[in-house]
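J.: Sequence:
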Amino acid sequence: MIPYGRQDIQPQDIDAVLEVLNSDFLTQGPVVPKFEHTVAEKVGACHALAVNSATSALHIACLALGLGEGDWLWTSPITFVASANCGVYCGAKVDFVDIDARTYNICPKALEAKLEHAERQGRLPKVVVAVHLCGQSSDMQAIHCLSERYGFSVIEDASHAIGGQYKGEYIGNGRYSDITVFSFHPVKIITTAEGGMAVTNNDGLAQRMNLLRSHGVTREPYLMSRDPDGPWYYEQVDLGFNYRMTELQAALGLSQMGRLDDYVARRNALAGRYDTLLAGLPVTTPWQHPDSYSGRHLYVIRLDLDRINLSHREVFGALRAQGIGVNLHYIPVHTQPYYQKFGFQYGDLQHAEAYYSEAISLPMFPTLDEERVGKVVSALAKTCAT
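Under full-length UniProt numbering, think of the first position of the sequence shown as 1, with each following residue one higher.
If you are wondering where the hints come from, they were derived from the structure by calculation, not from laboratory data.
From a predicted model like this one, the values you see are computed outputs, not experimental measurements.
Hints are supplied without guarantee of correctness; some may be wrong.
Said to hold, decoys possible - Simulated DEER-style distance windows between Cβ atoms:
no. : residue 1 : residue 2 : range
1   : Leu26     : Leu310    : 44 to 54 Å
2   : Gly91     : Trp232    : 32 to 42 Å
3   : Asp275    : Gly347    : 27 to 37 Å
Virtual Cβ for every residue (Gly too), placed ideally from N, Cα, C.
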């Protein structure tokens, strides 16, 4: 089976982890800060906070921005559920903005229309989470302009997008958002096994997220309520969580960062190969906005079911039967049973639901070779001709 995604672990990665195993620190040592500094420097951010997952990063990002009970968080319906759940964790209400039919990210025009309506109702969002699906940036300039007009904060959910660029600059530089979140899950661009990171240019947000990821505990005298009793002294000054990243994870991520640009370039080369080989088949290949250089975490095609004598499910099953580990990213969040309890239902978001009815993720990972790409395309061609 050719998987839709997989990690690339090389000898230097193993050596980096073994070095930590033989060191004095397995957690809260020097490697996590070094990994944070490397990522921040790479993307052009002032601060980076490593955590145990991108979900945790989204959670503390929302809390740092003051999201709470009675507030609204808006996001895309075509994303993993964590992009919405982070709002619920904070006691906020969640709503969704339909996607652009070509990029599959939040549609700025749909966002603007929804904001105009929400302003009249007095229910503007406090936070908008812009998801960079498949690694392609959302239209962040447009979203940023709307944030200034309507007064909401912006989180970039760049779980798919580290190493990608928007308008010639690395995603995560904070030019158009308050906080950006990356994921280091094994199928992502680089991996720490599990892990995530929040980056920001705001000193206050960084300080707050730093507290929240580690129980709300500090050893910094300037944050304490009184003078320390001694060098052992710490204070819990907030209610935080155990969201820390280990030294082992950071060592793996730090090693992988040395190959980040190569990974993204390889993914883009594979996408170009797919584009060429799929020409003429009854599918729509991923459209790329000229402002974006995608991280290419996923390669999603849409089936032209009017020209295929099989259903969406039948095509998916036929590919799996031929050893092609296709997947589907994602089921629209507003159609999940948990969110339907809040009143969402099928028919609410036309473009997101149309996307779901046709989308299939083909294998995409840096060690995928030309022979296997050919096998994927041949299997798809055979299926479509059934």
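J.: Could you say whether the range 44 to 54 Å given as a hint is met by the Cβ separation of Leu26 and Leu310?
T.: 51 Å, holds
J.: Is it true that the C-beta distance of Gly91 to Trp232 lies inside 32 to 42 Å, as the hint says?
T.: 35 Å, holds
J.: For the range 27 to 37 Å, tell me whether the beta carbons of Asp275 and Gly347 fit it or not.
T.: 33 Å, holds
Comparing the model with each earlier hint shows no violations; every hint is respected.
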